[in-house]
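Protein chains in written order, with full-length UniProt numbering: chain A, 1 to 405; chain B, 1 to 405; chain C, 1 to 405; chain D, 1 to 405.
Simulated from the structure, these hints should not be mistaken for laboratory data. Just so you know, not all the hints are guaranteed correct.
Note: identical chains are not told apart, hence a pair may lie in one copy or across any two.
DSBU-like cross-link-like pairs, simulated, lysine-lysine; straight-line CA separation at most 35 angstroms [stated by the list, open to error]:
no. : residue 1 : residue 2
1   : K252      : K180
2   : K180      : K296
3   : K119      : K162
4   : K296      : K119
5   : K119      : K252
6   : K119      : K392
7   : K180      : K119
8   : K180      : K162
9   : K252      : K392
10  : K392      : K180
There are 4 protein chains.
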Amino acid sequence: MIAEQTLTDQYFRVRAHSETICQGLETEDYVVQPIVDVSPPKWHLGHTTWFWETFVLVPNAPDYRPFHDDFSYVFNSYYETVGKRVLRTDRGNLSRPTVEGVYMYRDYVDEHMSRFLNKAELSPELHALIELGLNHEQQHQELLITDIKYILGHNPLLPIIKMPIVEHLRQAINPPVSIKEGIYLIGHPSTSQSFYFDNELGQHKVYLNDTTLYGNLVTNGEYLEFIEAGGYTDFRHWLSDGWAWVQANAIKAPLYWHQIDGEWWNYTFDGLTPIDLAVPVCHVSQYEADAYARWKGTRLPTEFEWEVAAVDSSAVGSGTVQTTSRQLNWGTRWEWTNSAYLPYPGFITAAGAVGEYNGKFMSGQIVLRGASVATPEGHSRPTYRNFFQPDKRWQYTGIRLVERA
Amino acid sequence: MIAEQTLTDQYFRVRAHSETICQGLETEDYVVQPIVDVSPPKWHLGHTTWFWETFVLVPNAPDYRPFHDDFSYVFNSYYETVGKRVLRTDRGNLSRPTVEGVYMYRDYVDEHMSRFLNKAELSPELHALIELGLNHEQQHQELLITDIKYILGHNPLLPIIKMPIVEHLRQAINPPVSIKEGIYLIGHPSTSQSFYFDNELGQHKVYLNDTTLYGNLVTNGEYLEFIEAGGYTDFRHWLSDGWAWVQANAIKAPLYWHQIDGEWWNYTFDGLTPIDLAVPVCHVSQYEADAYARWKGTRLPTEFEWEVAAVDSSAVGSGTVQTTSRQLNWGTRWEWTNSAYLPYPGFITAAGAVGEYNGKFMSGQIVLRGASVATPEGHSRPTYRNFFQPDKRWQYTGIRLVERA
Amino acid sequence: MIAEQTLTDQYFRVRAHSETICQGLETEDYVVQPIVDVSPPKWHLGHTTWFWETFVLVPNAPDYRPFHDDFSYVFNSYYETVGKRVLRTDRGNLSRPTVEGVYMYRDYVDEHMSRFLNKAELSPELHALIELGLNHEQQHQELLITDIKYILGHNPLLPIIKMPIVEHLRQAINPPVSIKEGIYLIGHPSTSQSFYFDNELGQHKVYLNDTTLYGNLVTNGEYLEFIEAGGYTDFRHWLSDGWAWVQANAIKAPLYWHQIDGEWWNYTFDGLTPIDLAVPVCHVSQYEADAYARWKGTRLPTEFEWEVAAVDSSAVGSGTVQTTSRQLNWGTRWEWTNSAYLPYPGFITAAGAVGEYNGKFMSGQIVLRGASVATPEGHSRPTYRNFFQPDKRWQYTGIRLVERA
Amino acid sequence: MIAEQTLTDQYFRVRAHSETICQGLETEDYVVQPIVDVSPPKWHLGHTTWFWETFVLVPNAPDYRPFHDDFSYVFNSYYETVGKRVLRTDRGNLSRPTVEGVYMYRDYVDEHMSRFLNKAELSPELHALIELGLNHEQQHQELLITDIKYILGHNPLLPIIKMPIVEHLRQAINPPVSIKEGIYLIGHPSTSQSFYFDNELGQHKVYLNDTTLYGNLVTNGEYLEFIEAGGYTDFRHWLSDGWAWVQANAIKAPLYWHQIDGEWWNYTFDGLTPIDLAVPVCHVSQYEADAYARWKGTRLPTEFEWEVAAVDSSAVGSGTVQTTSRQLNWGTRWEWTNSAYLPYPGFITAAGAVGEYNGKFMSGQIVLRGASVATPEGHSRPTYRNFFQPDKRWQYTGIRLVERA
């Protein structure tokens with residue numbers, strides 16, 4: 001748990017980072033929504049602010065007056081319990097409130113949050129809610145980056161902008177990580193001080209077989225071999241749904257890749273650049289990750305294998321639980337697992353709007369583990385469960401293989 | 001035909017008016033595209049500029065360099081002959097070029113046009129092309145207004161902005177206009193000096209029966225009676241396609257009408273205002289216009305009846321052609337006719353991109369006659385043939401009835 | 001008007017013909033609905049029977065009991081006034097009533113109609129209603145043929161069946177037909193004894209310019225030249241909607257044409273046969289007809305030009321009306337015009353269900369004139385107005401050209 | 001493994017059962033496909049026959065000639081490796097081959113299979129292939145029943161037919177089944193003689209917590225309480241995807257339920273009958289099963305919990321594996337689990353067309369365990385993994401609850 005002065009500090013650090021991400025944007029870039037998955041940057045800035053207003057200030061700060069009556073309607077997201085939400089598809093049609101208006105909204109709420117945090121003796125529940133709000137905003141920071149990339153990367157002018165992340169990280173050579181057959185503890189130890197989402201709770205035992213995870217992520221160069229071997233045109237590598245997706249969308253390469261006069265380029269915040277073969281492949285769907293693994297005679301890890309391989313040995317208990325001697329090197333790509341996003345034993349959806357946070361998405365989605373170059377500092381841990389539908393690829397997603405027994 | 005000095009003057013007057021229309025916009029308002037029919041205002045500003053660049057400067061001004069290589073791709077519209085066009089649905093996804101960039105593009109092209117118009121001895125073909133360009137920009141001016149209205153009128157904040165038109169014009173009492181059975185001349189007399197589009201050409205004779213057109217347009221108050229009589233729930237008033245449209249879209253009133261606590265309001269550039277019963281009804285589809293007419297035991301005019309009733313008697317020939325003694329009072333609403341948009345006798349599509357202007361749309365659309373409060377001054381005449389699909393209603397469309405024989 | 005004994009005779013002749021059309025079908029062929037435009041043959045047989053039951057027997061034969069309570073629901077079509085209709089898309093999902101059940105329904109209704117026609121002194125209204133019923137059933141006979149062709153022609157086994165029509169009629173050489181500029185009478189002279197639909201009424205004058213219609217329809221051989229000249233790949237020949245249709249549906253030839261190893265074949269009731277170059281092209285949309293005409297430097301006729309060219313000179317009045325000295329040879333293909341299907345002057349939709357017959361379709365459709373090899377004998381006349389949307393081509397549609405002035 | 005004489009016997013028993021299921025059908029019932037999930041009965045009869053022809057006879061019986069060249073195209077299903085498949089949506093458009101033709105096809109193939117089975121010394125591979133074919137046909141037998149039910153249950157005549165299953169089985173009172181925390185063996189012991197699908201292979205250990213499964217399935221009466229408590233109108237009970245499904249499809253009750261004058265009825269092969277409150281609820285989606293469980297403060301079992309609770313104690317090994325003292329009573333409803341359909345450790349897709357059998361569907365689907373009243377005798381076992389998307393409910397699906405810890 002974070003001490004209160006630190007909490008105020010962290011509030012302003014997190015809030016500032018959202019704006020830092022947007023520093024290179026033109027006003028127009030804040031507004032558009034090219035696909036339903038991508039929200040306009042101004043919506044992210046407003047929605048994260050609305051969270052503080054709705055869940056912290058309105059119920060707890062007696063003198064607080066909401067900034068604008070209609071903003072609750074405009075900036076609500078999936079919280080069915082808090083009024084009628086804007087259809088997600090409509091976000092990109094809203095020219096108002098303006099970007100300036102959204103920044104005024106942020107300032108207004110920040111000022112009131114500052115007063116509130118300085119004055120209040122925070123109850124443990126409020127303290128936890130504020131930590132949740134910070135983590136919520138951090139999640140939207142990663143989405144801000146990926147949504148901005150989508151907006152600019154689908155503009156025929158392919159603009160270059162300043163973004164506080166390094167996209168092209170090559171990886172050192174990392175040896176494979178083996179897990180020995182046995183029982184392992186999975187999930188967040190809720191007794192710990194660090195933050196966790198409800199979907200990480202319910203620490204429980206799983207039985208794993210002997211497994212060896214590759215030390216390195218699949219690189220652009222390795223993935224290019226799959227493309228050149230006709231990987232996208234042979235249905236035998238693909239899951240049935242994946243093959244239908246390839247055909248329906250005429251998929252031929254990872255997102256942002258362009259073949260120009262026989263050479264492969266990809267779009268990054270530095271503009272259109274040649275593919276760097278040594279960099280881990282990025283922006284692939286789980287269907288592509290699975291097809292690549294199959295083509296290589298390997299497979300994707302389960303989320304449990306990944307967690308065991310990633311956790312520091314000192315973090316797990318004794319007894320029947322076995323530990324790995326060495327750990328995965330992770331953090332530049334969200335790594336697709338082959339685990340469906342499902343509740344851990346004992347998971348119960350919390351009551352109220354905050355309860356809608358994670359549980360209701362436990363259908364039709366796949367767990368990703370790790371973190372990416374776009375993940376805010378301090379917002380990753382080995383027990384973290386990210387999740388997306390298997391066809392999504394605008395996140396910084398990559399591929400880690402497991403040796404087939 | 002316009003004298004050359006006048007032409008330069010008119011060029012700058014027309015160009016300035018496009019920008020006057022946008023004077024009240026926020027940057028964000030220029031960007032969005034809530035439905036496929038509505039283009040972002042910055043697209044209109046860019047597209048009209050692209051017309052001058054592509055059709056006048058590039059082929060005729062030897063030293064001219066296009067402002068930006070990609071703008072031709074971004075601002076092309078339906079001209080299949082000039083490169084690959086942006087899918088219309090995509091316009092609202094483009095945050096770049098920025099609004100500022102578009103205004104720079106306008107300035108750049110205007111400066112070159114100024115030089116060109118001042119220097120060149122314009123051939124008749126060039127002169128005609130420039131007149132076409134001016135009329136083209138005027139058409140987009142009306143679309144700018146209606147598209148801005150759609151963008152703001154579908155924003156939950158229902159913004160008020162300054163727009164150089166008067167939406168709420170009441171009409172004086174105008175007596176009906178009768179046509180006597182006989183032969184009439186239809187179409188633009190191409191020998192005249194005034195501008196015309198190719199679809200008005202081919203002056204030809206039609207035979208009309210005795211007809212009486214109402215002197216006044218249907219008012220909000222009259223239309224409200226139709227609503228209150230259950231007009232939208234009784235299929236017997238509707239064309240089959242119209243009834244399907246009503247059902248599929250849950251249509252209950254004209255566009256921009258809202259029923260709040262039993263009272264009817266409508267959105268205008270002045271914000272949400274109570275319905276003025278004396279003002280002509282606006283923003284109705286042809287399906288609604290036809291259903292209303294049927295419910296009243298009347299019908300919509302043909303485009304020929306309308307033209308004959310609108311034309312000044314001195315404008316038509318002698319001989320078998322008969323003339324009306326008095327004329328329609330028109331100009332505040334585009335008036336739905338019951339005529340399909342089809343070629344006049346002898347119509348031939350012109351060669352090249354300009355030939356795509358009108359002819360290829362002669363399928364599935366309905367002729368509207370007149371002009372509206374949003375039509376630029378000097379851009380209307382009795383022979384003008386506007387056209388839209390019968391379900392469209394974001395234009396300033398209204399209803400004029402004809403007595404059923 | 002038909003004398004009453006003749007009416008009974010004609011009733012049974014018409015009813016028998018519906019069944020003759022189906023004589024070659026397997027039970028399974030009666031059931032399927034491959035596209036929404038095509039109804040299952042058993043539905044046509046049931047629907048035409050339902051017409052007699054609902055509009056003649058139930059209101060007029062006091063002792064009549066409907067054959068089955070649910071048949072009204074199953075066999076209703078577009079008549080919104082008579083109960084809730086089955087969605088058209090659902091017809092192909094209904095395995096019951098069985099084909100045998102439908103034939104029993106026909107027998108039952110025929111027996112009651114026989115009693116009714118023999119007993120009753122028919123009022124003029126009833127007499128007219130029965131004539132309407134006969135013509136209604138004849139319309140469905142043509143649809144039966146075209147729907148059966150679609151069902152079998154889209155089956156990979158391409159079955160051969162017996163059908164009482166001759167599809168491959170070559171045409172003699174017919175000289176062109178010229179119309180002299182002037183006023184002509186259009187529409188059915190309601191005083192005549194022959195049957196007419198309400199949409200032919202309202203005889204009225206039109207003014208036509210000098211026109212020359214080709215004596216012959218466009219042949220397969222001529223149309224093949226258009227294909228081989230790249231007609232389907234050059235947008236300049238096409239209306240905007242037509243080009244979108246070509247692209248969206250990957251249209252490359254008329255319906256039922258197949259290119260196999262470089263040779264063109266087409267499906268007919270005789271199975272897959274080589275294209276006969278001398279036969280009039282068939283199963284083209286109006287978009288294709290228009291594109292072909294444009295490519296040839298010609299155009300399609302208006303429905304008025306067609307009617308004047310088709311009518312026998314003795315059939316029109318005196319006075320200013322001019323007549324042609326010779327007439328079109330027509331009757332093997334429905335000929336696409338370039339006229340939208342719109343009401344004649346004075347047209348009023350009749351009250352009640354029969355009033356839904358024609359008027360409510362007067363939007364978005366195109367007039368076809370003439371008749372086809374599939375039209376029942378006695379069901380054609382020069383004033384007949386057939387109508388379909390411009391993309392439809394499963395009817396026996398063809399192309400007649402007009403010289404461009 | 002089945003002895004060879006027995007294999008021949010079983011071949012004919014299984015083949016006969018497919019036809020017994022169809023004994024009550026009219027020819028028309030074999031043809032239609034009301035939704036894409038439902039195949040026409042004649043397609044099932046042909047497809048199962050095609051399996052024998054393609055995988056057994058053509059590669060192994062030297063003198064065998066396929067019955068018809070086009071049948072391979074018509075009756076192929078999802079096997080991408082064997083020619084171009086018919087789009088699933090098209091099956092209901094095919095009136096040919098006729099039902100009689102399909103039965104002739106069955107007879108022809110059965111005769112050749114009889115000769116083949118009597119003559120051949122079957123290799124272990126062939127023996128296994130034939131067992132696979134028998135199990136494949138049994139799977140289609142259950143689909144035949146559910147597809148026939150869908151076809152008739154969506155016909156406005158709601159026909160009654162003879163079907164060799166008992167739909168309305170009440171359940172005795174069965175006590176709950178508890179599992180003690182520990183390690184359990186999951187999957188089919190491949191050393192056993194009994195048949196298994198590849199997806200059951202890979203016997204492996206899992207760690208389970210203490211769990212108690214309800215002894216009885218949720219009844220109609222219990223489910224009705226959920227409906228009456230507003231279960232379908234409160235989003236809080238639903239997964240996000242489930243709530244979207246409820247809204248988009250206006251779901252208000254299980255499939256085949258109809259509320260008539262306030263009373264609930266359901267369609268069965270006996271026609272429309274009142275709901276029997278004591279019978280297990282049937283034809284629910286996993287979304288409904290999950291919502292019901294959540295509303296009750298319980299949850300669905302995982303497939304591992306289910307298997308452990310269902311397996312006879314003598315079937316599992318010794319050592320750390322713990323066994324239940326009593327077993328589930330199952331077999332009347334396919335029981336939705338909360339497990340995604342994913343590979344067991346070590347699962348590898350087999351090469352060739354048979355390899356497409358199961359593995360490629362391991363995405364987006366949910367495991368169902370047990371069997372139903374429609375499952376053929378001998379086609380169920382505790383390790384069987386059935387799978388469907390979570391919105392499907394035309395199978396005989398039901399709900400078993402687990403106590404929440």
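Now the hints, each set against the structure:
no.	hint	verdict
1	K252 with K180	neither (38 angstroms within a copy, 50 angstroms between copies)
2	K180 with K296	within (23 angstroms within a copy, 40 angstroms between copies)
3	K119 with K162	neither (37 angstroms within a copy, 44 angstroms between copies)
4	K296 with K119	neither (59 angstroms within a copy, 42 angstroms between copies)
5	K119 with K252	neither (57 angstroms within a copy, 50 angstroms between copies)
6	K119 with K392	neither (43 angstroms within a copy, 54 angstroms between copies)
7	K180 with K119	neither (52 angstroms within a copy, 51 angstroms between copies)
8	K180 with K162	neither (45 angstroms within a copy, 57 angstroms between copies)
9	K252 with K392	both (15 angstroms within a copy, 32 angstroms between copies)
10	K392 with K180	within (33 angstroms within a copy, 39 angstroms between copies)
Taken one by one, the earlier hints fail for this structure at numbers 1, 3, 4, 5, 6, 7, 8, listed in ascending order.
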